[in-house]
Amino acid sequence: MSITQILFWFLTVLTVFSALMVVVSKNPVYSVLWLILTFFCISGHYVLLNAQFLFIVNIIVYAGAIMVLFLFVIMLMNLNKSSEPQKNRWLRMAGVLAGGCLLLIFVAALKNIDIRKQVAETNTGDIGLIQNLGKALFNEYVVPFEISSVLFLSAMVGVVVIGKKEAP
Amino acid sequence: MPINYYIFLSLALFVIGIVGVLTRRNAIIIFMCIELMLNAVNLLLVAFSKMHHLAKAGTDATAGTDGQLFVFFIMVVAAAEVSVGLAIIVMMYRNIHSVDVNFLNRLKH
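Residue numbers (numbering that gives the first Met the number 0), protein chains in the order written: chain A, 0 to 167; chain B, 0 to 108.
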């Protein structure tokens, strides 16, 4: 077993375990912390796939900005007591059953596809580097890039409008 | 690594996210499960982009760049979505003093 395979399996097990803990944890603060661990593991997968730009963006945007926003909102609401009302047992079992059925169907559908012998190259290839992605982003994708900046501006305006206290 | 492993890893993450959305009642945790599903898709897109790059290695040196840029744009949209969604949750908490989604089934107060 090469070091890449060992790292892949380690990261895979850790990713799935921490994703499960996000769903299982009673306390929302613990859920956020497990989700941060999940994002770091996914970033590790990006490093293995040599997608270094997405690795650093994932750390900065997801594990940095978005998760801090989640923690901030949870602490603002003082939700960190584990007194969340639970769904009743049958509804929860129905949810798990529906998810399990979906998993079963996907596995059955994807078990014998003809690309499964192909290989995603790890530790090599330079399309994930900032130079190549930047060239593609600012040549072919410059219009979507600008539109996404307009999206951010409108999201910012929307957040301010929604979050503002109404006049009594 | 074979693409098969990445497909099933992303599948597991996506289904965990779906189960979380279906079983939890806390609106913030539902949001976090949606983030999990988005990340599963991102991981699969990157894996497919590297697979495509390897398959077209001789002919096209930049094959697979598009997949990674899509991941970048998904992250952009997810950041905007999270900021608006959390603002809505804060507003909801201010009005009904709870983040339980079951209180919202009437769409009025």
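Don't read these hints as lab results, they were simulated from the structure.
Treat the hints with care, as some may be off.
Okay, derived cross-link-like pairs now, DSS-like style, lysine-lysine, Cα gap no bigger than 27 angstroms in a straight line [said to hold, decoys possible]:
id, chain 1, residue 1, chain 2, residue 2
1, A, Lys163, B, Lys55
2, B, Lys55, A, Lys134
3, A, Lys116, B, Lys55
Subject >> Given pair status - Lys55 of chain B, Lys116 of chain A, alpha carbons within 27 angstroms >> reply: Holds - the C-alpha atoms of Lys55 of chain B and Lys116 of chain A are around 15 angstroms apart, at most 27 angstroms.
**OP:** For the pair supplied as a hint, Lys163 of chain A and Lys55 of chain B, confirm whether the alpha-carbon distance does not exceed 27 angstroms.
**Re:** 52 angstroms, violated
Original post:
Is Lys55 of chain B within 27 angstroms of Lys134 of chain A, Cα to Cα?
Top reply: Holds. Lys55 of chain B to Lys134 of chain A sits at ~19 angstroms (cutoff 27 angstroms).
Going down the numbered hints, you'll see the structure goes against just number 1.
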